[in-house]
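Trainee: Chains as they are written, first to last, in the numbering used here: chain X, 1 to 100; chain Z, 1 to 483.
Since the hints were derived computationally from the structure, they do not count as laboratory data. There is no bait here: all hints are sound.
Covered by chain Z, according to a simulated footprint, are these stretches of chain X (three or more residues, beta-carbon under 8 Å):
hint : region
1    : 12-21
2    : 27-40
3    : 45-52
4    : 68-82
If the Cβ cut is set under 10 Å, some of the chain X residues that face chain Z in the computed set are:
hint : residue
5    : 1
6    : 4
7    : 8
8    : 9
9    : 24
10   : 58
11   : 61
12   : 62
13   : 65
Even for Gly, the Cβ is constructed at its ideal location relative to N, Cα and C.
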Amino acid sequence: MSLSAIIVMTASIIALWGVATVALSYSLRQEERKLALIQSQGDFEPLSPRAQRDLETWLARHPEEEPAREVRELIELQQQAMQHNPQRFYDWSTIDEARQ
Amino acid sequence: MTTTISREQWGSRFGYLMAVVGAMVGAGNIWRMPYVTGENGGGAFLIAYFLLLYLIAVPGLMGETSLGRHTRQGLLGTFRKLYGNNRFVGLGLVILIFNIVLMSYYSSIVGWSIYYAFHALIGTFTQTEFDTAVLWQNFSGNTALNVGMHSIAMLMVTGILLLGIKGGIERLAKWMMPILTIALIAIAIRGLTLPGAMAGLEFSFSPNWEYLARGETWLAALGQALFSTGLGWGIALTYGSYLGRNDDIPLGGGIFTAIGNTSFGLLAIFAVFPIVFAFGISPTSGAELAFVALASAFGSMTGGYLWALLFFMGFFFANLTTAIAITEVGVTTYREEKSTGRSKAVLTICGIIWLLGIPSAMNADILGYLDFVVGNWGLPLATFIIMIAIGWKFDASRLRVLSLNRGADLYIPKLWEPIVRFQIPAIMLGIMAYFLYSNLSQTPWKTVSGLALLTLLIPLCMWIMSRRRDTSYATTPSGGQPS
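Work the whole structure out from these sequences, hints included.
Mentor: Dropping the structure here:
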């Protein structure tokens, strides 16, 4: 086999099998964490810090529109989870540090 | 308001991921991907393919899955929630019809793979002086046998779907996908030890960079990226509708689905092409590669019985999991529309597909014609309709903040929105225009009649749904709340 073919083959293996394996194992690990949180405290926060910020920005831009109601419900759900749950699913360390 | 009947959910993350990858891995991965790669510049094609996979298939699948998870409805229910109860729900019916037509002829392909898996099991290919070309010709020319295999395929699909999402689809995929992986790996290892096998890998991977400047390479990559991942057919939407509210979508429903599916294509390159080149078989794609050339090669190999059995069982598993997913789109939708039990929905939809599939089983020209129409225009049109619904009607921005990033293992930034709004629909229009341009001179009758069928189908479906609105449902406002 030529060197260029070997390089392409190796790159394809990493880009496909490598990424698929990492994605599968990471996804399954995260699911285990979610299940552990549900078992220990009932639920977990549905949004990451960045996702929460996006949701709040969206609501600020579209406060009167009909879909705003479901956005408000999700923000409320997030706030309740943040208040009641001692353990977090997402990494909030930088946000907490900034607040302190 | 549209009601959401009690819904099953996937039993486990692994089960969902195997089911959705199983849905996308089909005949195209095994008999098309290796050939298309080698024919279009090898490594150059793979680079074009990876780019398009990440630019189109991954974001598109994320959007389709998250829309399904948000509405928790099948095709028509989702369109009703987006557009209200009016004629535009007919656009969902158009996609549903494409799915049913697609499955009507895909079941024949499943039937072929059952027939060959059976022959592999009884050791036909390892008989002395056995001619696989004769077997294929006899099988192709036997109408009753083809209808019989189509019927067996539909019976299998029916039986599995009757067991439900968790007990049927998920349980099956959790077993079949790992077995398919192991089977292909085993064949690849065997193939790579054959003398001359490296020429197959050279054919597939050797980069011919000038191909990157050719439009045909990009179109071939686009076709493979789109049709192999099943984007826009309603499968990701339907499977997504059975996800939990806080289940991840971007990593599992987007990246893993697209990359995992393509990983099987890569595995097929390793499994198929070393054998093809080791035995001096002409590298081609389609049924002839699997059912004539490879079957013959397995018969000549040491331990051929095992390799033939592994290959044809794996091929059958890949086709069956795809067939189940395509049919489930209709089953979920019918169940919701008629507010009926799963068993009745499964029997009705599978019965309709079985009946519609008989002409394709009897006549390969009908199968070819339907594949031509659905593949060239039906599926790109379905993808276009779904992406417009996501990007513009529901609003990509709203879907991203409300559903896509909820419970996500991977944060999706704002960049995703213009991809779904502009890029994918524009590419779909482009691909349909190209297919029209390239086919009109070569096959004018097929092209014009196919386009005429599609052109009539859209207003007809919209008319049907506008007639239904006053009888079954009250109006739901655009983007109605999920139940």
